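K.L.:
Here is what each chain is made of, one letter per residue.
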Amino acid sequence: MTDDGIGAHLLRKEDKRFLTGRGNYVHDITRPNQLYAVFARSPYAHADLLAVDISGAAEAPGVVGVFTGEDLKTDGIGGLPCGWGVNNKDGSPMKEPPHPALAIGKLRHVGDPIAMVVAETLKEARDAAELVTYDVTQLPAVTGVADAVKPGAPRLFDDVPGNLCTDWECGDKAKTDAAFATAYHIAKLDLVNNRLVGNPMEPRAALGEYDPSTGDYTLHTTSQFPHVVRLLMGLFVLNVPQHKIRVVAPDVGGGFGVKQFHYAEEALVTWAAGRLAQPVKWVSDRGEGFLSDAHARDHVTHAELALDRDGKFLGLRVSTLANMGAYLSTFGPNIPTNLYGLLLAGVYTTPAIHCAVKCIFTNTLPVDAYRGAGRPEATFVLERIVDVAAREMGIDRVEIRRRNFIPADAFPYQTPVMMAYDSGDHGATLKKALDIADWAGFAERRREAAARGKLRGIGLVTYIEACGLAPSRIAGQLGARAGLYESANIRVHPTGDITVFTGSHSHGQGHETAFAQIVSSLLGVSTEKIEIVHGDTAKIPFGLGTYGSRSASVGGSAIAKAVGKVIDKGKKIAAHMLEAAEHDIEFAAGTFKVAGTDRTKSFADVVLAAYIPHDYPLETLEPGMEENAFYDPVNFTFPGGCHVAEVEIDPETGITQLLAYTAVDDVGTVINPMIVEGQIHGGVAQGVGQALLENCVYDPQSGQLLTGSFMDYCMPRADDLPNIVVATEVTTCRTNPLGVKGCGEVGTIGSPATVINAVVDALAGYGVTHVDMPASPEKIWRIIRAAAPHAAAE
Amino acid sequence: MDVALTLNGRRVKRPVEPETLLVEFIRERVGLTGTHIGCDTSQCGACTILVNGQSVKSCTMLAVEAEGAMVTTIEGLAKGNVLHPMQQAFHEEHGLQCGFCTPGMVLSAVDLVQHNPAPSEGEIRHWLEGNICRCTGYTNIVRAVRAGAAAMQRASTGGGND
Numbered sequence: 001m002t003d004d005g006i007g008a009h010l011l012r013k014e015d016k017r018f019l020t021g022r023g024n025y026v027h028d029i030t031r032p033n034q035l036y037a038v039f040a041r042s043p044y045a046h047a048d049l050l051a052v053d054i055s056g057a058a059e060a061p062g063v064v065g066v067f068t069g070e071d072l073k074t075d076g077i078g079g080l081p082c083g084w085g086v087n088n089k090d091g092s093p094m095k096e097p098p099h100p101a102l103a104i105g106k107l108r109h110v111g112d113p114i115a116m117v118v119a120e121t122l123k124e125a126r127d128a129a130e131l132v133t134y135d136v137t138q139l140p141a142v143t144g145v146a147d148a149v150k151p152g153a154p155r156l157f158d159d160v161p162g163n164l165c166t167d168w169e170c171g172d173k174a175k176t177d178a179a180f181a182t183a184y185h186i187a188k189l190d191l192v193n194n195r196l197v198g199n200p201m202e203p204r205a206a207l208g209e210y211d212p213s214t215g216d217y218t219l220h221t222t223s224q225f226p227h228v229v230r231l232l233m234g235l236f237v238l239n240v241p242q243h244k245i246r247v248v249a250p251d252v253g254g255g256f257g258v259k260q261f262h263y264a265e266e267a268l269v270t271w272a273a274g275r276l277a278q279p280v281k282w283v284s285d286r287g288e289g290f291l292s293d294a295h296a297r298d299h300v301t302h303a304e305l306a307l308d309r310d311g312k313f314l315g316l317r318v319s320t321l322a323n324m325g326a327y328l329s330t331f332g333p334n335i336p337t338n339l340y341g342l343l344l345a346g347v348y349t350t351p352a353i354h355c356a357v358k359c360i361f362t363n364t365l366p367v368d369a370y371r372g373a374g375r376p377e378a379t380f381v382l383e384r385i386v387d388v389a390a391r392e393m394g395i396d397r398v399e400i401r402r403r404n405f406i407p408a409d410a411f412p413y414q415t416p417v418m419m420a421y422d423s424g425d426h427g428a429t430l431k432k433a434l435d436i437a438d439w440a441g442f443a444e445r446r447r448e449a450a451a452r453g454k455l456r457g458i459g460l461v462t463y464i465e466a467c468g469l470a471p472s473r474i475a476g477q478l479g480a481r482a483g484l485y486e487s488a489n490i491r492v493h494p495t496g497d498i499t500v501f502t503g504s505h506s507h508g509q510g511h512e513t514a515f516a517q518i519v520s521s522l523l524g525v526s527t528e529k530i531e532i533v534h535g536d537t538a539k540i541p542f543g544l545g546t547y548g549s550r551s552a553s554v555g556g557s558a559i560a561k562a563v564g565k566v567i568d569k570g571k572k573i574a575a576h577m578l579e580a581a582e583h584d585i586e587f588a589a590g591t592f593k594v595a596g597t598d599r600t601k602s603f604a605d606v607v608l609a610a611y612i613p614h615d616y617p618l619e620t621l622e623p624g625m626e627e628n629a630f631y632d633p634v635n636f637t638f639p640g641g642c643h644v645a646e647v648e649i650d651p652e653t654g655i656t657q658l659l660a661y662t663a664v665d666d667v668g669t670v671i672n673p674m675i676v677e678g679q680i681h682g683g684v685a686q687g688v689g690q691a692l693l694e695n696c697v698y699d700p701q702s703g704q705l706l707t708g709s710f711m712d713y714c715m716p717r718a719d720d721l722p723n724i725v726v727a728t729e730v731t732t733c734r735t736n737p738l739g740v741k742g743c744g745e746v747g748t749i750g751s752p753a754t755v756i757n758a759v760v761d762a763l764a765g766y767g768v769t770h771v772d773m774p775a776s777p778e779k780i781w782r783i784i785r786a787a788a789p790h791a792a793a794e
Numbered sequence: 001m002d003v004a005l006t007l008n009g010r011r012v013k014r015p016v017e018p019e020t021l022l023v024e025f026i027r028e029r030v031g032l033t034g035t036h037i038g039c040d041t042s043q044c045g046a047c048t049i050l051v052n053g054q055s056v057k058s059c060t061m062l063a064v065e066a067e068g069a070m071v072t073t074i075e076g077l078a079k080g081n082v083l084h085p086m087q088q089a090f091h092e093e094h095g096l097q098c099g100f101c102t103p104g105m106v107l108s109a110v111d112l113v114q115h116n117p118a119p120s121e122g123e124i125r126h127w128l129e130g131n132i133c134r135c136t137g138y139t140n141i142v143r144a145v146r147a148g149a150a151a152m153q154r155a156s157t158g159g160g161n162d
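If you read the sequences in order, they're chains A and B. Position one of the first sequence corresponds to residue 1 (the working numbering), numbered consecutively onward. Position one of the second sequence corresponds to residue 1 (the working numbering), numbered consecutively onward.
Chain A with its partners taken away, still in its complex shape (with noise of 0.2 Å):
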């Protein structure tokens, strides 16, 4: 037996490797012969694109070539596909323009790529790519939802009318209407969730290598999932088959979502290794990122909560436009509509929702996945809505969440917009997370600030996701192109340590740590004899990669089911050893045993006898010990829990201080708790720069991004924040092997609305309802002002 399996507080194998500097990123590569790839990009919004000339750029000091989109056609080289296809209302398929790798034709967002330049150095790149000019005729552009949508607004695609993606519903509209009808009190709510822009700390980065003899292509990037680059690169952009691509995402410096998406950028340079028979490496700088990386959520949204006199929800209607950028990335429309709609439920017994969401084309970057990725938007909109019919009718914000929640007892529980959640105790989560931020004690804290000038709020939200994604059946339903299952091959090796390859991708997340803790309290092996494998498809069987908060539930959950074929066949060949039964062999700590006696075999006996089958079962089983397996989950998961937010407001300058932070999660079966505590440390983190801080701006009427670059868009830094107090609460998930739910996304989800709810309780004396994100202080000092014009004069 060992101490260092699941619910060990085991410190990270990876960590030595970061530590002293010797990380592996795809920037840190370099091969002889290396050229480099530097992108023309749009300055413009919109524009015709007449013409392009790459002649000055061609002829430059060290350039080997430049490509445009014309050549890209000329090579047969495909646009970039959507992973998923989201039907309108009607069940008619969503516009689906093509998403040219380089502009052909039309410029429609600032940063578009036009040529790509490769050049002997960087700098004789970078250089040529200034060369590069193009003929243009500027057209209007759009990158607001709420514009685009407007009769006569820009249109980005001639055949898609009033810039509608799709026009998507989910719920009954007839039984929420006739809820609505019954209504004792209507609460409603509009907001606006800003759009952001996910950060990594890494810049994505790309290299591509071509060898003429083999016909071999091999691309190291940034990704979350070097399977599905493979496949949808191979497959769709440059018509090369998948034994002929290895992809491989060696150290990845954070991804967030942003790194779960196929770019043009890898598809390129890895095209442009082939044609010019020489490797080909790009990394973007972090100016190229704010121009080129997905955004994130950019939401503008309508919603109306319908209440009995006892302040029981009877009906949740919410209506959302939602920026799909002027392309659709590879996830974008099943962002703001499966992980959106789906779980505006939250957890709560409304019997009756609707949720209708436009998705529109804008000119603005893609926008797809980041960290929580359509679940902290749902959150915000039902968690502000709660908040706002709680004080409408004068009901506790506890009080009226307690009277709504599902009971514990009522699992596994059906909502009314298709998720069937399978466990959860929100009264056990929420009462934790009272206890730990001394809630009961805000009011003398409130009276305290007070006595200082200072506005002091707090707020709570109580709040569910769907992680795991997902059973591809279900998914298939929703529209996914992919499966969504995960692989694990378990490689025994005849010493009895232990090589584990993983489609799940680790990017900060500690799978070397935590799926060896897995295998260990599976096989009663140490961790120091597991070694985990991931981000290489010339390794690993297959893989669909890291996001959703998917790894450990469906990730872990393949690895186990893998533990269980091995262990299947060690019975076998301990059955043999131990001229006993098959079923009469049990496997625990490492030992297979003859049930009801004390003959036993170690595992690694076991191991070395299938390495070295002299005395073995060769008729009917084979020699070694290596397995492998996909798992495809029977339900998402769900995780959920109570935060609770206290913010302290200066009136005078609009600062909002984030005093303590509580977040109280169910996260299922924890596997390694210094992991999990860190994981959602680091999604407040990013949820708290949502609410208080970060913003993606565009100017209205040029389409030009205002926030380029670290100087204009405010990440959270080290004294922003407090210290985030992490408590779980445990209901196993009943559904995988694992009963794990997901950690790595539950602190973007609850955070948003928590901080704003604390800013807004903060406020409420001055009659504010609700502000949008970020809470800035010129945002803050402008609504005090607003609010209560003689005391600016005092």
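There could be a bad hint or two in this list.
As the list claims (entries may be wrong) - Restricting the straight-line Cα-Cα distance to at most 27 Å, the calculated cross-link-like pairs of lysine-lysine (DSSO-like) are:
#, chain 1, residue 1, chain 2, residue 2
1, A, K529, B, K13
2, A, K173, A, K188
3, A, K188, A, K16
4, A, K572, B, K79
5, A, K13, B, K13
6, A, K188, A, K779
7, A, K571, A, K593
8, A, K175, A, K16
9, A, K593, A, K539
10, A, K529, A, K565
11, A, K571, A, K16
12, A, K123, B, K13
Since the hints were made in silico from the structure, they are not lab data. Given the structure is predicted, the values throughout are model-derived calculations rather than measurements.
Could you slot chain B onto chain A? The hints should help.
P.N.:
Okay, now just chain B, sitting in the frame of chain A:
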């Protein structure tokens, strides 16, 4: 022109252009890739190194300005296989996730403790303002810096074995 300096205790001399940044010198001319580049506006601090003992964002300094300097990068902090107390503290307190900001974060923290042997939480948070981490929410980084500071104190007062 050539620039010669002492990098992690070794003399190195490499040809540079006048505009070559110190971070480029380290990563591309010498080939030590532990010093990372996370932005282009000197905001993120991923490229923080020690120049003559002081933390510097190596994207803000030309290579030629470092002529003759003593430069320490993350590769030069451990003694053989023994991590520096600050590296060890980041490991023990789970002060890193993806590892990209980590080299700069650790070296910045080392410099803080050189100035302020027992920094408070507030002082640590203020000091680390110039180093952005997107993964950890800083809670464990702050813990790590406090633990690392205490360990550095113990080591410098003879409590350590090295």
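K.L.:
Against each hint, give a clear statement of whether it holds in the structure.
P.N.:
For each hint, the structure was consulted:
1. Under the criterion of a C-alpha separation no larger than 27 Å, the hint pairing A/K529 with B/K13 is inconsistent with the structure, at around 42 Å.
2. A hinted pair counts as satisfied when its Cα atoms are at most 27 Å apart, and A/K173 with A/K188 qualifies at roughly 17 Å.
3. Our distance criterion of 27 Å between C-alpha atoms is broken by A/K188 and A/K16, whose separation comes to about 52 Å.
4. Of the pairs offered as hints, the one joining A/K572 and B/K79 is violated, with about 49 Å between alpha carbons and a cut-off of 27 Å exceeded.
5. At roughly 35 Å between alpha-carbon atoms, A/K13 and B/K13 are farther apart than 27 Å, so this suggested pair is violated.
6. Of the supplied pair hints, the one linking A/K188 and A/K779 holds, its CA atoms being roughly 22 Å apart against a limit of 27 Å.
7. Restraint check: the Cα-Cα separation between A/K571 and A/K593 comes to about 9 Å, which is no more than 27 Å; the hinted pair holds.
8. Among the hinted pairs, A/K175 with A/K16 is inconsistent with the structure: their alpha-carbon atoms are about 57 Å apart, more than 27 Å.
9. At roughly 34 Å between alpha-carbon atoms, A/K593 and A/K539 are farther apart than 27 Å, so this suggested pair is violated.
10. Distance check on the hinted pair: A/K529 and A/K565 sit about 19 Å apart at the alpha-carbon level, within 27 Å; holds.
11. Simply put, A/K571 and A/K16 have alpha-carbon atoms about 37 Å apart, too far for the 27 Å limit, and the pair is violated.
12. A distance of roughly 22 Å separates the Cα atoms of A/K123 and B/K13; the hinted pair therefore holds under the 27 Å criterion.
Checked against the numbered hints given earlier, this structure breaks hints 1, 3, 4, 5, 8, 9 and 11; the rest are met.
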